[in-house]
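Number of protein chains: 4
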Amino acid sequence: MFFASDNSGPVHLSVLTALSTANDGYAMGYGGDELTAETVARIREVFEAPEAAVYLVATGTAANSLALATYAQPFQTVFCSDVAHIHEDECNAPEFYTGGAKLTLVPTTDGRMTPEALRATIAGEGTRGVHGPKPGPVSITNVTERGTRYTSAEIAALAAVARENGLPVHLDGARFANALVAEGCTPAEMTWKAGVDVVSFGGTKNGLMGVEAVVLFDPARALEFEYRRKRGGHLFSKHRYLTAQMAAYLERDLWLDLARRANAANARLTRALGQIPEVSFLWEPGANMTFAAWPAAAHRRLFAAGAKYHLWEGSLDGAADDAPIGARLVCDWSMTDENIDRFVDILRG
Amino acid sequence: MFFASDNSGPVHLSVLTALSTANDGYAMGYGGDELTAETVARIREVFEAPEAAVYLVATGTAANSLALATYAQPFQTVFCSDVAHIHEDECNAPEFYTGGAKLTLVPTTDGRMTPEALRATIAGEGTRGVHGPKPGPVSITNVTERGTRYTSAEIAALAAVARENGLPVHLDGARFANALVAEGCTPAEMTWKAGVDVVSFGGTKNGLMGVEAVVLFDPARALEFEYRRKRGGHLFSKHRYLTAQMAAYLERDLWLDLARRANAANARLTRALGQIPEVSFLWEPGANMTFAAWPAAAHRRLFAAGAKYHLWEGSLDGAADDAPIGARLVCDWSMTDENIDRFVDILRG
Amino acid sequence: MFFASDNSGPVHLSVLTALSTANDGYAMGYGGDELTAETVARIREVFEAPEAAVYLVATGTAANSLALATYAQPFQTVFCSDVAHIHEDECNAPEFYTGGAKLTLVPTTDGRMTPEALRATIAGEGTRGVHGPKPGPVSITNVTERGTRYTSAEIAALAAVARENGLPVHLDGARFANALVAEGCTPAEMTWKAGVDVVSFGGTKNGLMGVEAVVLFDPARALEFEYRRKRGGHLFSKHRYLTAQMAAYLERDLWLDLARRANAANARLTRALGQIPEVSFLWEPGANMTFAAWPAAAHRRLFAAGAKYHLWEGSLDGAADDAPIGARLVCDWSMTDENIDRFVDILRG
Amino acid sequence: MFFASDNSGPVHLSVLTALSTANDGYAMGYGGDELTAETVARIREVFEAPEAAVYLVATGTAANSLALATYAQPFQTVFCSDVAHIHEDECNAPEFYTGGAKLTLVPTTDGRMTPEALRATIAGEGTRGVHGPKPGPVSITNVTERGTRYTSAEIAALAAVARENGLPVHLDGARFANALVAEGCTPAEMTWKAGVDVVSFGGTKNGLMGVEAVVLFDPARALEFEYRRKRGGHLFSKHRYLTAQMAAYLERDLWLDLARRANAANARLTRALGQIPEVSFLWEPGANMTFAAWPAAAHRRLFAAGAKYHLWEGSLDGAADDAPIGARLVCDWSMTDENIDRFVDILRG
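Residue numbers (numbering that gives the first Met the number 0), protein chains in the order written: chain V, 0 to 348; chain A, 0 to 348; chain S, 0 to 348; chain R, 0 to 348.
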């Protein structure tokens, strides 16, 4: 009953197989091998972006920070939600990689920026001339850090606000696949057709060991990105082992299949939770992550039974048995129905 | 006949097996799993350093830059050889991670700093008060970028110069294992017993996919390193897949075995080359990398036969057949005698 | 009728005289002259801090950023009010000088942090391990950017919260003198006796051309500060011309006299404004800066008559004559009663 | 007998007068005043560059670092002489302001780069793809740090090498006026007509308290420079006091007059030194700075008589009386014939 994170599950077996296959003799380092060229071409197909520049890195923080650094000057500010991963969970990596840019937080209630809030926040930063930072990129996360989801149309609406202000748009797609299959749109529709300039296309949370692709739809910044990746220590010498994972991910749409499994598991979970009167949802689950609250006694039963998940802004210490306490539950691709049902049964008591 | 680099060869099969074994269900992320704790303990044993702080990252540039950033202030300068990897091949990563420290180059003839040259260089930087940078860490590479090697005693002599000046010592051990088995000393003798404060303990060039350990012998800087690793985007969420590689590397001293294989291959190669009158060595080969020169005609024969290696500061374009041209040859752990013999046969003509 | 800023008024004549006196022949550069040594000693006396390290720079942004950089690591976050000058008006200078530290904003209603809000904000940042930044310095501004003021006791209460968390305390004293004379306490009481580690002791807004002193009560960081000042380009070669201004400032307590004049002017202004029914104060004026609102028609009269000041979060464009619109009014040391009275008369209509 | 530095002499009286005149009542801050607009226009005239962007800062390190940061990316390297002020005397400020760019040193014998050496150095940096830094700006210093001088034609030859490689050109003109009057050319001839993109136009070493202008001949980078200046803490709120100095400097060509005085003094000095058999010149004096060697005994006489200057890479400690020891002598605008003659007399013995 491991609902703690989608970075704690196993990788798909085809990833291991791909690594083994890639391990055949010598290959040019640093991405100069044939498999990398093929995989880059495949990602361009997936995104219907034949000119896009595509690079692989091993962590989501690297993908986001390098993407932002390529689009933000150090004297600018990046606009993102007040719960954005780049703000809360990357230990100043965006500030580091941009050379000291600021993050300006757009207030949200459920992790999703509205166009109005974004517009007002940008306007607020644009009033002080050189005394304040220059407005810079807008960064959108989908799936959001609260488990909610933007539709492609909603992303397009945010990107339109960015465009009004002449600002580029970054999409943190650590859970891109989960958002995509939940909506049922194409990668192009969720990115460049919606006005996104650069996307962190996540693989790690969806069945890979540690691979993210950064896709820059305007290849003019490609060389800059390459230098920045290298000086960040994120260019792998034995690059084929990143590539092999990504190739397996894309092969016969494995990535979509894995995301559908995770989302289906989450749907089963939320359906069951929704039928328990003591359970309330903190935000509307949009893909594979659910925030909900239920009585402390049920948490105690679950932890006693070995369930793994994070409490959400609350503590069981000294809590009354009927006190509602929040939880964050994440389903990864390998989550089983059995686990879900057992979890719900114990919760129900 | 692939002598281009030790980052172009395959990984050892036990690495693949270890990844497969590690892929068993859920594990805590970010290094919070049991295997990581065990592997850290094992590295401490290897280095006879029970208090050391040990961290895994995926690239040598990350290891070096994070180690240096933990020991250097942005207003300092790092002392290293004029051919150091951190100077020539990391695209300003040390400058980036330290926040703008400088590298001051110690002149060398064969990639090895002498204590005298190091002392003179440090003295030269210490004369301008706040107008020049403050002297900072000394960084030593072993095996050097010219294929030569320091003994532990030579490292101790350099570290003594650092200590005279109150400076910490970093060892770039991208080929640590190759240097170690060539000398036949212990990891402790080549590091903390010689005065090294922090070592980049390389695995990638010696049979892993991409794992380096940073070992800080003084744990006082451990927390700082952790924050710096995270904000550099080098903390892996699915950390177990780094750990599994390192665990396999240390298991039954595989790492030493692999290094011995690479060094033995290089010895076979240099023995054969030494018997060819037209071949001259540029520097004395100390481990698994050889720099040598021979007539252009022989280079042409080799490339025509499919040999892969880098010319060294020369070009075949328009070169007379008997003009000597340099080459860099690197043997990795998987190099076969057959390959070596064939290479030498073709070279000999 | 110039109420726009205290950086727009003239310098006191004794400053010009001091520059002229200092211009006598040769002097050692970079602060190595005798007058600098004497002036440093004088500042130590003023602060009753015989061990303090004291440095002069030319701008408040330099003073604040260098002070924070000396106390904050790049992987930390600085706690400050949501309207702090270091956040709103320094164009990412703190992020730049610290190498990418973050600023975490403490919510305020009148520019003043409460101990409770500060404590809660620090606690909120301390929950994510290396995923979030490490808590770093607390920065307090007195006089605040809303014209309100902390007492020394209130500063001590904030510093106590910092101490609970092991964090150092910076005081942005761009208007230190104004705060000091308003309370009637000593410089020591408002700084180190209250728990402040480093203060930006402002001169520019109080009658100098451009000089601020940074006073570090713990001299252990002195050398680091010197290197950071130099590499920021803030070490003046002809340092005596900074020193001469500061010496004149301290001579016979000119600085206190100038601040008293500015505060008295502001008191005259607010007294008069308080008697006009249409005028409401946005926050309680604590020293020499007042935020108030009055009908648009009165603003129009004032601007027509040549008054200079900034509207506060409002616009006269299309505003009804009786619509209340905010204004920021600042009195510098040279403000005359005549100007104030005329301003109020016109406002009153 | 103060030959230690041209930053140790007094400012010209007209500078003090200008400050006094500028101190008339209120003025808009941050360069928004009329005098600044006029002075910018005047500098454009001086450089025959009606479109140029012109900014004032207070130190040469600020001018150089901000200029370089505007033209260099953090993953680039700046080419400069091995004795450049930006390398030797700015405590990593260029590395800081560029966000971690490297400086690649061009070997010189007398402080002057040759086109051949520059071309070879650039070529050497361009061979490693993303493993090495990307070639960035070329920075030239005139007058050089060895007192030698480039002609405008020599600068044009260096700039041509930069252009071949697509690189921008920075001129560190801390002693621009001295170089200019020594050659007898126009500011335009020494800068944009020779291929210079941005110049640090020094005033501090030539009679001002602390003002340098940065002139960007392509105004496209103007806004970026403004943001960078602000976030460096180098935008003066009471900007008029920088402007007033620069205005006085340009008034009736005072700047050229002051430089002519300094150069004439240096010429008198070198003429006299040249007639003393025991004196040898280290490099050919080109403007107002001379490096020469003479017997230790004469140094001892001079210091005993109160002369102030720096020894050059040597020490009197234990030196034999007839041992030649080097010295650096700098004449500022206020140097008197009497001082020079007395210095030479004592030296002669």
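Treat the hints as calculated values from the structure; they're not laboratory data. Some hints could be false.
[As the list claims (entries may be wrong)] Label-pair restraints from in silico Cβ distances:
#, chain 1, residue 1, chain 2, residue 2, range
1, S, Pro218, R, Glu337, 26 to 36 Å
2, S, Glu44, R, Glu337, 38 to 48 Å
3, A, Arg43, S, Ala122, 31 to 41 Å
4, A, Asp109, R, Arg127, 14 to 24 Å
5, V, Ala219, R, Ala40, 33 to 43 Å
6, V, Arg251, R, Arg127, 35 to 45 Å
7, R, Lys307, A, Arg43, 32 to 42 Å
The model shown is predicted, which means the values in this text are computed figures rather than measured ones. Quick reminder that beta carbons are idealized off the backbone N, C-alpha and C, glycines included.
Status of the hints after comparison with the structure:
| no. | hint | result |
| --- | --- | --- |
| 1 | S:Pro218 with R:Glu337: 26 to 36 Å | 43 Å, violated |
| 2 | S:Glu44 with R:Glu337: 38 to 48 Å | 41 Å, holds |
| 3 | A:Arg43 with S:Ala122: 31 to 41 Å | 34 Å, holds |
| 4 | A:Asp109 with R:Arg127: 14 to 24 Å | 20 Å, holds |
| 5 | V:Ala219 with R:Ala40: 33 to 43 Å | 36 Å, holds |
| 6 | V:Arg251 with R:Arg127: 35 to 45 Å | 39 Å, holds |
| 7 | R:Lys307 with A:Arg43: 32 to 42 Å | 58 Å, violated |
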